[in-house]
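Let chain A serve as the given structure and place chains B, C, D and E on it in line with the hints.
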Amino acid sequence: MENSLLLFLLWPFVTGLLLFLFPKKIPLLAQYSSLVFQIVWVLLFVWAIGPIWEELSVAGDGGGPRAFPVYFSWDWIPFLKSRFSLGLDGLNIPLLGLNVLLSLCLGFFSLNKKNLGPGYLGLFSILNGASVGSLLAADAFVFYCFWEFMLIPMYLLIGGWGSKNRVYASLKFFAFTMAGSLFMLAAILALAFQFDVASLGWHDLVATNFEFQGWGSVQGLLFLGFMLAFVVKIPVWPFHTWLPDAHTEAPTGASVILAGVLLKLGVYGIARWCLPLFPEASAAAAPTLMALGCVGIVMGAFAAWFQTDIKKMIAYSSVSHLGFMVLGLFALGVEALQGAFFQNIAHGLSTGALFLIFGIIYERTHSREISKYGGFAQEHAWLATSFILASMASIGLPGLPGFVGEFLILAGSFKTFPVYSLVALSGVLLGAIYMLGMLRRFAYGPVSELVKSHPVRVTWNEWASLVPLLLFMIYLGFGSQAILSKVEPAATQVLTYFR
Amino acid sequence: MESSFFDSSVFTLGPNELQALFPLLWLCVGLVFSTLAAGFRLGIGFTRVLSFFVFVPFVGLLAIQLGNPPVAVMGTALEMNAFTRLVGCAVGILALLVSTFVTPTRNGVLHPEWLAILVVQVLGLTLLPGARDWVSFFVYLETLAITGYVMASLDTDREKSLEAGLKYLLTGAFGSGFFLMGAALFYGLTGTLDFELIASALKSVNSGPEKFMALSAAILIISSLSFKLALFPLHMWAPDVYQASPTAMAAMLSTATKISVFGALAGIWTLTGFSNFPELKQILIGLAGLSIVAGSLLAMAQKSLRRLFAYSGIVNAGFAALALAAGPFATGSMFAYLFIYSVSVVGIFALLERFSTQLGLEPHGDLKIENLPQIGRKFQGIFVGIFAFFVFSIAGIPPLPGFFGKYLILKDLWIGQEYFSAGLLILGTLLGLGFYLKILVPLYMNQDEPTDEIPQNKRVAKLWPTALATTLCVLAAIYALGGLSRLPRWVETVEIFAR
Amino acid sequence: MESVGSPNVVQIVLGFLTLVTALSVVLSKNPVVSAVNLMATLFLTGALYIGLGHFFMGAIQILIYAGAIAVLFVFIVMLLDLKPLSLTLPGRAVSIAGGVFVSLFLGLGLSVAAFRSSFGNQGAAEVESLASIASPSVISLQFLSKYHLPFQVAGLLIFATVMGVVVLGKPKKQLDQVEGK
Amino acid sequence: MELFSGLSVTQFHVGIGVLLFCIGVSGFLIRRSGLIALMCLELMLNGVNLCLVSFSNLHRNPEGASLVLFIVLVAAAEAAVALGLFVAIFRKVGTVSLDDLRSLKG
Amino acid sequence: MKSEALRWIVFFPLIGAALNGLLIRSKNPYLSGAIGTLAAFASFFTSLIIFSQNGFSTHITDFLFTWFSTGNIKVDFALEVTAVTSVMLLVITGIGGLIHTYAVSYMSHDESPWRFFAYLNLFLAAMLTLVLSQNLVGVFLGWEGVGLCSYLLIGYWYKENKNTEAGMKAFVTNRIGDLGFLVALFIAIRDFGTLNISEILAFVSGPQAAALGSTSLLIFAAGIFWASTGKSAQIPLYVWLPDAMAGPTPVSALIHAATMVTSGVFVSLRLWPIFEGQAQLLEVILVIGLSTAWLAALIALTQRDIKKVLAYSTVSQLGFMFAALGIGAPVAAFFHVVTHACFKALLFLGAGSVIHGMHEKQDLLEMGGLQKKMPLTHGTFLVGTLAIIGFPLTSGFFSKDLILEKAFVKSPVVYFLLLGAALLTAFYMLRAYSLAFWGKPRTKEAEHAHESHWLMTVPLGILALLSVVVGFFEVPDILGGIHKFTEWVNLSWIGWTPQLGGGTAEAHHLSHLAEWLLVLFTTGGSLGIAYLSWKKFGQIQAKSAVESNPGFFTRLSENKFYVDEIYGILFLKPLAFVARTGSKIVDHSLINGALHGIKDSLNLSGNVLALFHTGGVQTYTWYLVFVAALSICVAIFSGWGVL
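Protein chains in written order, with numbering that gives the first Met the number 0: chain A, 0 to 498; chain B, 0 to 498; chain C, 0 to 180; chain D, 0 to 105; chain E, 0 to 642.
Hints were generated in silico from the structure; no laboratory data involved. Accuracy of the hints is not assured; some may be wrong.
Stated by the list, open to error - Mimicking SDA-like on lysine to any residue, the simulated pairs with C-alpha atoms at most 25 Å apart in a straight line are:
hint, chain 1, residue 1, chain 2, residue 2
1, A, K451, A, D308
2, B, K410, B, L426
3, E, K534, E, D304
4, E, K168, E, L178
5, E, K572, A, F305
6, E, K158, A, T364
7, B, K437, E, I590
8, D, K104, E, N606
9, A, K414, E, T522
10, A, K23, A, T458
11, D, K91, D, R101
12, C, K82, D, N60
13, B, K410, A, A197
14, A, K414, E, N71
15, E, K73, A, G219
16, E, K534, E, T522
17, A, K311, E, R579
18, E, K360, E, W533
19, B, K410, A, W214
20, B, K410, A, L220
21, B, K410, B, I477
22, B, K367, B, W463
23, E, K73, A, W52
24, B, K410, A, G219
25, B, K367, B, L467
26, D, K104, C, G97
27, B, K302, E, S600
28, A, K311, B, L436
29, E, K583, E, D599
30, B, K280, B, F328
31, A, K163, A, T364
32, E, K158, A, G436
Stated by the list, open to error - Listed next, the stretches of chain A that the computed footprint assigns to chain E, with coverage defined by at least 3 CB atoms under 8 Å from CB atoms of chain E:
hint, segment
33, 295-305
34, 328-335
35, 373-386
36, 391-401
37, 417-424
Where a beta carbon is used, it is the ideal one built from N, C-alpha and C, also for glycine.
If we strip away everything but chain A, and leave its shape as in the complex, we get:
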């Protein structure tokens, strides 16, 4: 268990560095090796979680909730009160799975692409390592290290392989996220050196009681410090403006990982760190954050409605959808929390698929203007069908996973904060408006000049990258219980801190 987990974490770093050394002249070599590495990584993932897979849906000792089990621990910098410890539970395993799946798909996607050389693949692999690291971390300092480190490969991926306005977008991404996380750094520092905590390990922190009497008090400030990092990453309105730019300019792979993994880390971070550590503050902040989530849902949808750029529209739809997750997190009920985590996976799959499909098209047409498209369904029926399927999943059509997530979130938050839930409902409607509006202009209608002049031949590897996502999407539409049952003990555990 220890070894497999550590190996699973280190593998992408090692292979990433290895990939840098591959010859630039023969991208194919790097691409295929990268694919092999990814496949091995998937196997490592299975190996790592296999032993505990069955236990996940079981509640903890004595029928109680299941605390975050730590499977690897190394006393790396004791004087910073930090242990390099990694844990696995229902909260992070689904996200890890999503990460592994997406990166495998992108491994296929990258094949035979001339411009995706060893540099790209290496950075990609390292990005995977960092995101997996922050998911696994059971120590605040370790978490922060991975969390921040993620920025570097992502920055370089957006900036190095993005489209025209990439420099602006990558800088904005980096500055925004780093500005947020520096507050978390301060909070971690305060945790370590201002309070009598044994270590920065999750269990020690959770066992510590921070006094809460308003926002100027200890717990309030610590909570705000952590939250700022997470709300920027999620991103919660009004910290969201980096996302449309980053998504728009990023290369396909980076967009997919950004939507599928990075944004989810914000949600995960809140559930893992903010809620259990600072329950009183979380409860006090819940109405505000839910309100922000609602504003995000509505404003994101509003903005998506009138975008002329397809990727930007999808990005704004992410803003809207992530508003749902914030709503779910702070409804502080097990249904809503479960919903938020399920929506994580669902949104990762659907938006990932959207970006992937559009990436395939964009590679041929080099245009993101909706107005230049039209009648794509006639040009490539399969791809258009996949696009429609992913869009439908995105707007929460029952039978596809987005519905289960949104439904649980809304139903759960309706129990505690009916008004917010009702406001958020408008997102369901607006989602249909902007998504279908885009589909109508993109896939239907007469075939446009652009589509006519750029025939799309989808290669086998692109299908290989897309089909697993679609299959998972369809499977999860009805097989939601497979994930929900694993998440439930962990989600319940988070809520035990709210007395």
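The following block gives chains B, C, D and E in isolation, referenced to the frame of chain A:
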């Protein structure tokens, strides 16, 4: 002293003292050889090898003595304690790194005297933190300063190098004048030039004209040393000097001087009782804050890379000054930070030299940001990656070495309850993104522009020194990172020094 | 000579002459005049040292400073054949005003610090005779004991300086001849 | 002379030293010629020396005098390097006016 | 009682959809059509078997798997058949099968018949899920699923923007309604603690419901009703249905006439015990049903597109059904659902046949005199027309009469209002019929019209037969008194007391004489109006005869009372304006503007600071003096209290 090696009525030199002096004596031996090399006008390759011969044993000798108890050599002239030795090691390592990529000037000419001058400078740098009276302090300070003036203007073929040397000299000498006035005032106030005696005399100075005189003296000394450290607004010579001096020399001047002078200032702060006056601390924090903010802003406005890194150095000096102001307990962090920073900067300068060589610019040329796209296009490979490694490290992204340095300082500021300083540091890190990322943009983000072939086979032979230096810098940085586990010991040794 | 009590007439006159010559270093257009005035200042300072009873220091001052360094200045001024540069130019008014202003400011601060302090009343002066500190033997013994290490280092410093000056002063042609490849 | 009767010998000499220092500073700041700036530097050091000597006299302590000697030594070394630089620069640029040596800025 | 056969009712069409849509994708319309039709009929026969084996005495259930379950939300994927459901099943699969058959020929010239049949089968699967599901989330799954299929099928000919716009309008309008459904679901989760329909009904009748207060129940029922106004095209959300005629005609017949649009009535019926208790809500439903019936009928009077006439007729008839619900006569409403399904499907298919014969021309004014060219179509269309206007002994006669009778019992005012709508129906239906089949051919297409393929006419015949026969399941007492249908449907609510909804259980009966009078009055009025209409429109020879000088009312009616435009001005445009400018102002101007402001001011201040860096040594040193002097003076003077 029963078994003194050299005994006379005038001074004594016990075996401990001799042993403590041994590394320095070795430097003198090295000076002899390097003078001979200069005299015989031996080529650059020979002097490089010679530099290894000089500095490697020097560092080694200091390193094996690290754990030895402190030795006062000849009374107050020099205290060889762990911190002095640490600084010596650091400076020696930097000198070694720098000598590996010393490059001939435009006409293939290099004054072979550089090694001799460098050796004398290392001597001064090593001695400075060990001085325990103003006389020795002044002599050591001038030793490193005057050799610095010569080093800055070593490229006598270029007007800019001479101009830089002259500016350095005039400003430096002017600063020395201030320093001396301060020392004189102390002398007048206390009747002694020994730190310890001054401190005990100052203990009774709490109010009245004496206090003002002590304050004035201290302010003169601090401002002149801040001048050496290039804190805003006393920084202005630094960008000029770092821009126009020979690359390797600029690397040495911008790093080693900081380590040594900061170490010395930390000593003065406690040993001469500066810490009795909270006003001085405020002045230092004020200067540090100005350096951080204004340095960042100025760095954003730069076009020349070396100027940019000079301003980055000003910002980083500000960070170190914050640690200094926090109190002696932060000295260890300050040292660790400065060392990691220095190694990274030397690596960056080596890479700049390499890049300008590859682009066919003149040696020691001033690489502009607008030249970088060509580098990115042509040489995107391991060295560009290492460049990014250094830049991100200085920017303070975990888990790169620079982050840990910064984190240590932050930690100490926090423990010392210097929240304002901690805020400044965080702000500075954020502002730093504004220019660090700007450097990477042209390197990584200009892929689609057409490439023009640059004949590089001719120059390959000359690239190995920078490659070697870079590699060594990476190793040193990673060693510093790996040496984190030893940091408590470093801190401990520094605390002995501070006592 | 008394070191405690008021300054005598000679000291006052010498002091003022020092200041006047120093001012004329700053204010004269012609660098040669400045250099000569500098020499005078250094000489007068030496006289002040002597007036304080520091004969050895006075001698060193006059011999080395006034005699060697200042002459070096005159020599260089002549060598470079510098033209007189007028002090005031329209564009420099601000910098001159700024320079004078901060100097006055600094002078004010330093003088206040110096004059308000009571170091004139410390008792050490009565205890030891002046000879015990001002004699060449005392000073040179310090160089051999307490300040031996700085003294040695200063030697290395001079050595490095010499090398540096050699490097700087070497004309380009000669360089090319020696090492040009 | 009554003006100075309130001052001790030390105070007077220290005063002269401080004033010399400040004259040097102002000269350094306002003169254009690099050589004269260098001379002003010597003035500053001279002012410091005067202070040190009078303090040494006051405290009956030889350390100040030792420092003066070191200062003289270092001033000489600095002057030597500076003059060497001036010669080199003059050979290249034809001037030692500090106003003309402004190619590095920003 | 459990039966695994139940799932196959859903699976057959699903398999058909998968075969057509994913695996075979045959361009041969007969192959694709055969798969689709077989799947539909397989479902039909499975339904029949279940119907015949079990009757309706018990609820048949089939548990498949747990869909999702957490906290107190537990959603199984489980099916359940009650009496209402089984009738609905037969309607859906039976009529669906016929329409599939019809479509084989109708779509034979299409480019991708496989896609059409895949969608159609998918629709069937969704619709069957809707009616079969044991819990409300499953119902919602079907609810949205049919919405999706409707969207896909309306926009089936997606090359034309008009069609896809209509599809999108349908989907979005339905989503507005669905929000109500979701709210109802949330209420059920929060207050009832279950989503299972039987459990909800049990809960509502139990003691906890009383403790809960009536608000929850009201909101729940209102939510469901709001959703129904969307799906079943009532005011205010009916606007999508006429546009939905952009889809192929079989789609209009199946989805937008026979099945999907009645699902609102169906769901209300399944949850009837809850509705029953909400008197105010029933009033609202009645008002809305009545107004819809009138408004749609008024608009239908002047429409020129044959499908539009039928579409508005559908809306109007749906209004009848909701009015019946509002009166408190669910069985009457449901009976009308069934009969309407038959004759409206017939009418649409007939219209499709006409359009087919007319080479895709839909304008009534361009037709004329088709009775000779298309005798079979004409005959069946006539049957459908008679059924819808309530010609004695057709199904429409019985079902409409049942509703009117209940209305009269409730209040004569309601009766007369409904009667008015029925008279309008007679007028516009005869107008359409006469314009299409009587008079002289007014265009070339009409002259060259031809009868359709037998695959189209056979279903027409069967439907015509059904349109007549179905009515006899529920015959008023005065005509013999058959109450089979009421008995069946009432079985759905066994265990629910008080027994309700049935036509026989009313508190006070009308006397036979009154009933006779009512029937005669209603029928006579309808037939009279129908005759007038036929006289007016039956002899029109040229297009221009109708087109000349429309009056105020005609113009209003032709333009659908400008409802779309009013909605646009009232809702859509303000919302779009807020969305567009709001997002622009907030995201672009405020947030990004502030960020760019910060960035620019940083850069600017950097450049300004650089100006201080003049390159002169004196400047550099000046700052040293300045800092030292300032610090010293500040330290000293502040220490002395001067500063």
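| Looking back at the numbered hints, which does the structure fail to meet, lowest number first? | Violated: hints 9, 12 and 15.
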